[in-house]
Amino acid sequence: MNHIELQHLSKSYDQSSFAVEDVTVSIEQGEFFILVGPSGCGKSTMLRMIAGLEKISAGKLYIDHQLANHLLPSQRNLSMVFQNYALYPHLNVEENILFGLKVRKIKKTVQRQRCEEAAALLGLTDYLKRKPRELSGGQRQRVALARAVVSEAPICLMDEPLSNLDAKLRGQMRTEIRQLQRKLGITMIYVTHDQVEAMTMGDRIMVMKDGKVQQVGTPLEIYNKPKNLFVATFIGAPPMNIAKAEVDRLNKQLILKNEIVITLTEEQLFSLKSDIVYIGVRPEQMAYGKGSNRDAHLNVSLSNIEVLGNETLLAFNVGDDIWKAKWLGQWPLDINKRTEISFPKEQLYLFDGKTEETLFSPVWNENVLKEVLAGESR
Amino acid sequence: MNLVEVKAQGQQEATLEAERVREIIAEKQVISHQNVWRKTTNIRLAILYLLPSIILFSVFLFYPMFKTVYLSFFLTDARGAAAVFVGLENYLYLLQSARFQKSMVSTSLFVLYTVPTSVIIGLFLALIANEKLRGIGFFRTIFSSTMGMSVAASAVIWLFLFHPTVGIINNFLGLFGIPAVGWLLDPTWALISIAITTIWMNLGFSFLIILGGLQNIDTHLYESANIDGAGYFYQLRRITVPMLSPTLFFIITITFINSFQSFGQVDILTRGGPAESTNLIVYSIYQDAFINYQFGTASAQAVILFLIVFVLTFLQFKFGERKVHYQ
Amino acid sequence: MRKRIRPIIFYLLLALSAILIFFPILFAFFVSFMNGAEVLSRAVFPSTFEFDNYERVFGTVPLMHYLKNSFIVSSIVMLGQLVVCSLSAFVFAFIPFKGRTVVFLIFISTLMIPWEAAMIPNFLTIQSLGWMNSYLSMTVPFFALAFGTFLLRQHFKTIPHELYEASQIEGLSRFQFFYKVVIPYAKTSLVTLGIYGFLTTWNMYLWPLLVTTNDMKRTVQIGLKQLQTVEVSTEWGVVMAGVVIVILPTLILLFVGQKQLQKGLTQGALK
Ligand SMILES: Nc1ncnc2c1ncn2[C@@H]1O[C@H](COP(=O)(O)OP(=O)(O)O)[C@@H](O)[C@H]1O
Ligand SMILES: [Mg+2]
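Chains as they are written, first to last, in the working numbering: chain G, -11 to 366; chain F, 3 to 329; chain C, 930 to 1200.
One or more hints might be untrue.
Unchecked claim - List of simulated lysine to aspartate or glutamate pairs, DMTMM-like, C-alpha gap at most 25 Å:
#1 G:Lys119 / C:Glu1091
#2 G:Lys90 / C:Glu1091
#3 G:Lys200 / F:Glu21
#4 G:Lys342 / F:Asp79
#5 G:Lys43 / F:Asp230
#6 F:Lys30 / G:Asp52
To be clear, the hints were calculated from the coordinates, so they are not data collected in a lab.
Next comes chain G alone, as it looks inside the complex (with noise of 0.2 Å):
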């Protein structure tokens, strides 16, 4: 009923470049399915063909295994939530939610029963007779959410919906976005360049760079197992710290800035094909002092740090990069002294330093942590 696949699916704008290139994935049914990507990936572009508002270039789009490329955007079955939310301004709440039913011509007393619902699962049922403008930025997109759900299309797409809404307010749309997609149990592609709410919304992330996939997995895949640089320090708040390393394989250690020196595992050397690699670091892997553990060193000296209540975050200088470290509690450290950080070396993400690929990441055993909560709940 409401299964998507796109097939090689590509668009070029000026039929010399691609905005969105080779796109091969398919959707499940009732799926909340996450496209992210910086600005300009061609998040939107995808999401469009996906719609019917930008012609396909190339590559197939199926609908309910119907092949739907040439399908009017209305006789694609989904509904679509904007950023700036798309509401007739001329229009109020209860008519913005009827709009597309009346086009439709559905029967009154279904639309009526339809708008009662939609307003109150969404709580709007007191603002039904404003115009948006009597509206704040939430309800609006309330609105724009309402709309969607009287369509009772099986598909929803929504790009970058929650972006023109303060930070609280958008934590809070999120779970909201969430809990309606289950209730109502469609499909969802959903838009956005935060990774944070890529993370905390998806059941599958798609990540783009340059109208290319990156990878596709669920959010926990993709943070533990990054196919390549780019996706390892994009999804992570703050992001991976990174730095260029030599490979010495005499005595099979790496050597950063030629100063700090990593000795590597076995495994490590043996994954790694040239001579130049990336080496990246999670910033809650690192912790103060030397720990029996945490067998690499770094002797630092503190460039920032910023105290957020639970979690203190530190910057400091390797070589020229600055990474940053995350550590629970507060920590009233004094900028420019010296300290002590270290990290245990099997949480070492290592990449190609040509390919950008990732050629060794840490184990991550997903099946460990089911069986452990399985266990807990027998």
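Position chains F and C with the ligands against the provided structure of chain G, taking the given hints into account.
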């Protein structure tokens, strides 16, 4: 590698990429059956929606403009049908005709009287009505009121004001010991009378447009000038007029064109007289065509009018456009 | 000190200018209540406010017919312009096609042709169409208006494109989008154009003079000219009563719509 080589290589890469893109598209595109019909949706719809305008413009503007040019090369019969081809003779005749020369002189003088005065007074009114004062809305309404005045009504009112026996203007001048003026009877004054009427009629429009231009000026500019302690006239010269220049340019052009097209005030106030001193070009066309049935020479004059307006509008587009967005 | 004087100077200038500019209109109003003797004595104020002149003016010329004709013609032109201009503005704002810029340039070029330069062949056309003394001749040629098209296009272009896309997804045809979304959205500029169209048509002089010969079909402006020729020597009061009746509708329209008109005209003219 020097810069040229880098550039050349970049270009080469771009063409290679473009080739690859086109190849992939050619290979993998899905061609729809209804493509031709669907592809032309936009153009069909556009034509349908533009059709009324296009037909009307063609029938009542483009065709008659060409026809005017055409007629200007002919002598015509009384029904306006082209009878004898005479080439440029109508134009030559006009250039030599004392009547036409006089008409051109009057028209030029008339434009000279009306355009600067209308714009300057309009600017003055807009400046004093742009102050944040109580009841300013009332004054704005009054100042714009002549825009609602038809040319016939205005001319009739001024006819009365200029009237040699009942006219009140001479009365008013008499209060200051100024001798009575033969407003509509003296050839020199007649043109001035018509100019005064026209200026008065223009004021509403130029006031409204210039006021709009003034209100579009960013108030921050004045705030910072105030902080610097700049005086009113300094701000006027250094901020207002430069920022307003596109608006002024626009209104000057419009007033220019309107002046060339004046007709009603002449018809009611002087009928081109006395001694043809107010025989402005449109009035002259009207007389030639519809009183004397000389469609050929009338058309030749119409072509000249067209050329003047064309050049003015063209200048407005060429120089006005650029100045609009930056100052 | 300077702060106090400034408003006073401005009020003085404003008042003086207002008197000078409005005097002719006000004076016409006064004269419309004067009898012949008062006019001849060059009085400024009428001694009584009686409506004799107003009654008489309807007897002198068929002013009622003129008013009716003007009202019908102006309304038709206004509506016609709104329809024709909004359709073409919709294309320029929402329907891209190859060659749209060229068509747009053609529209712009119409601004360079003064109506008077085309009036002779137009007159001949009207004659051959048999439209003399008909409302058609005074309305149809004025439906298409480049200025109106630009004005509306400018406003249409402020409509967020997402609105258009949302309507496509909801299954609206272009025409439905046009009249259900674009028209209500651009109400204000439609009002501006409406006022402008009504005003200019009501005030049209030369063209009605050419294409009407029958009193039953003439408009108020031609009526004024007649009134002035018929009544000129003695009955200025009657003439001015006619003037007041003719200018009242447009002045009211202008006063009501002044703000709108100013905004709209500035936008259309300068963007
Ligand atoms: N209508 C268009 N015409 C030409 N190029 C476009 C158009 N829309 C988007 N692009 C280009 O395509 C690329 C992808 O844009 P978009 O899909 O909007 O990115 P995102 O939504 O990820 O920010 C950008 O380089 C953009 O400049
Ligand atoms: Mg986007």
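Next on the checklist: Tell me the hint numbers this structure goes against, listed in increasing order.
Outcome noted: Numbers 4 and 5, in rising order.
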